[in-house]
Amino acid sequence: MGMTMTQKILAHAAGLPEVEAGQLIEAKLDLVLGNDITTPVAIHEMDRFTKQQVFDKDKIALVMDHFIPNKDIKSAEHCKEVREFSKKFDITHYYDVGQMGIEHALLPEKGLVTAGDVVIGADSHTCTYGALGAFSTGVGSTDMAAGMATGKAWFKVPSAMKIVLNGKLPKWVSGKDVILHLIGLIGVDGALYQSMEFTGEGVASLSMDDRLTIANMAIEAGGKNGIFPVDDQTIAYLKEHGTKPFTVYEADSDAVYEKEIVIDLSALEPTVSFPHLPENTKTVRDAGEIAIDQVVIGSCTNGRIQDMRQAAEILKGRKVAEGLRCIVIPATQEIYLKSMREGLLEIFIEAGAVVSTPTCGPCLGGYMGILAAGERCVSTTNRNFVGRMGHVDSEIYLASPAVAAASAVTGKISAPDALGL
Amino acid sequence: MQAQGHVFKYGDNIDTDVIIPARYLNSSDPADLATHCMEDIDREFVKNVQAGDIIVANKNFGCGSSREHAPIAIKASGVSCVIAETFARIFYRNAINIGLPIMECPEAAREIESGDEVRVDFDSGTVENLTKGTSYKGQAFPPFMQKIIGAGGLVSYINAQ
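Those sequence lines, one after another, are chains A and B. Numbering follows the numbering used here, in which position 52 of the first sequence is assigned residue number 52; successive positions increment by one, without gaps. Numbering follows the numbering used here, in which position 72 of the second sequence is assigned residue number 72; successive positions increment by one, without gaps.
Excised from the complex, chain A in its bound form:
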């Protein structure tokens, strides 16, 4: 029986000639990731191991990104704990203020993940690296601890959903619209326990940043991972960002998929997820008049350079609507620097937006843009659950950077065409 791309990677990592959906395997890990919220819990679990060791100090990445620069004393204590752990075990890839970025933007940029890798991360958006042709999935802190100690993890081999992308995205429609549209079609548990395998001639037209955004939100459909085929664009990206040797896996022609979904990229429109679930999607055209109080442009989903450029193209020479707060967060130091050199930060500030150092802050209601009761935010982040960004009576509307920027100017949910763009 044929294997999917995910199954082939897992079979190789488990040292098996083949695997099938539902099989329990133990796989070798190429990278184990944690952040400032999940790593402290993992460290406490590590303390319970009889043998105090890490399997490979070069294959662990610890990124301080959620509540840093430290938002309060307790967060500072957490970061200190991780910092000391990193020193104790001489962890090579420890990223703190000054070098850090939002983990899922940072790791691909630093070349720490490559095609064919098996990666676990104590953060649900670890599925992002599927864009590079890797198997990567989110786990909890105990799995992270076991991964750091043994270099292995157990997996139930997932069945798969095939998503065929055809055509080419219209202007102002991006990867975010693709994934929101898909989640709207299948629901927040539409791909529960499954790998979401993207394929089709339309993939070639998607930028790497678009693919990273799409794979990033596979978890929002309940998926175990999201994965893209490796093409020339992927290889060029991997070579530009790192030196790690990569392996290209392709799905067998007779691989088994539980479901197949075809999406015509050229027919997609700017899309928004209404509160309080990512599956509550509408096109901006059908959104109606929704006045907003805040816009956030950033996160592991949409804080990359393409996102900054799109937002700047819309905000250039325009002003943020009166009474609206617009917060822009480039996801890494490198993206921040690029945005500065390209003049994007100047555009944001002149428009009346603020620019923050890289942080996950507002996405999860940590800090840097918390909402009050009754407030509404258009956000390029990934979740619009009750209370996610602040008060339980606040509302989050998920959208692309283009929609977020246009909405910041009009003060209501809008696509760039509302500005004549």
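If you are wondering where the hints come from, they were derived from the structure by calculation, not from laboratory data. Every value quoted in this text rests on a predicted model; they were computed, and no experiment measured them. Hints may be right or wrong, so weigh each one.
[Claimed, not checked] Derived DMTMM-like pairs: lysine to aspartate or glutamate, alpha-carbon spacing no greater than 25 Å straight-line:
1. 147/B with 47/A
2. 412/A with 346/A
3. 156/A with 85/B
4. 156/A with 123/B
[Stated by the list, open to error] Okay, the calculated bits of chain B under chain A, using three or more residues with CB under 8 Å as the criterion:
5. 13-24
6. 57-69
7. 87-100
All residues carry an ideal CB built from backbone N, CA and C; glycine is no exception.
Place chain B on chain A using the hints.
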């Protein structure tokens, strides 16, 4: 192994943000986290929960963030078992890894109501609603996961190997 208690009933897609809001994730202390368990969906939960009580929910329980703080908060608040139609996959894994008993049992999850007294027998996979006099058969764990649960979680399992 058995669990018995009164039920707190919730609906579909209970996400880990409402189980333990991120504003409390600056702590990793289980007792601390338990004082805010379910806060954004049920402010009365913490006041009313008794040791042994059971959470019952519908589809996709524990979706969203991978924060292990969610099953930790539930366990530390004294809950003896979570029954759902389905669990989100990371929550399912985390619950097994930290030794919070869970069971997928769609029929029981749909029919059990808040306040019902329920008894769960993990060896036989039976869920009994003592209030309504009904009984259901839940899905048993595969042998590998039973070994992890039997060892008291993933770390103890690895130590024993």
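To see whether the hints hold, each was checked on the structure:
1. For the suggested pair residue 147/B and residue 47/A, the alpha carbons sit about 21 Å apart, so the restraint of at most 25 Å is met.
2. Proximity of residue 412/A to residue 346/A is assessed by CA-CA distance (about 24 Å); at most 25 Å being required, the pair is judged to hold.
3. A hinted pair counts as satisfied when its Cα atoms are at most 25 Å apart, and residue 156/A with residue 85/B qualifies at roughly 19 Å.
4. For the proposed pair residue 156/A and residue 123/B, the alpha carbon gap of about 22 Å is at most 25 Å, so the pair holds.
5. Using a Cβ-Cβ cut-off of 8 Å, 7 residues of the region 13-24 of chain B lie near chain A, which meets the minimum of three, so the contact claim holds.
6. Check on the region 57-69 of chain B: 9 of its residues sit with their Cβ under 8 Å from a Cβ of chain A, so the three-residue criterion for coverage holds.
7. With 7 residues having a beta carbon nearer than 8 Å to a beta carbon of chain A, the region 87-100 of chain B meets the requirement of three or more and the stated coverage holds.
Comparing the model with each numbered hint stated earlier shows that all of them hold.
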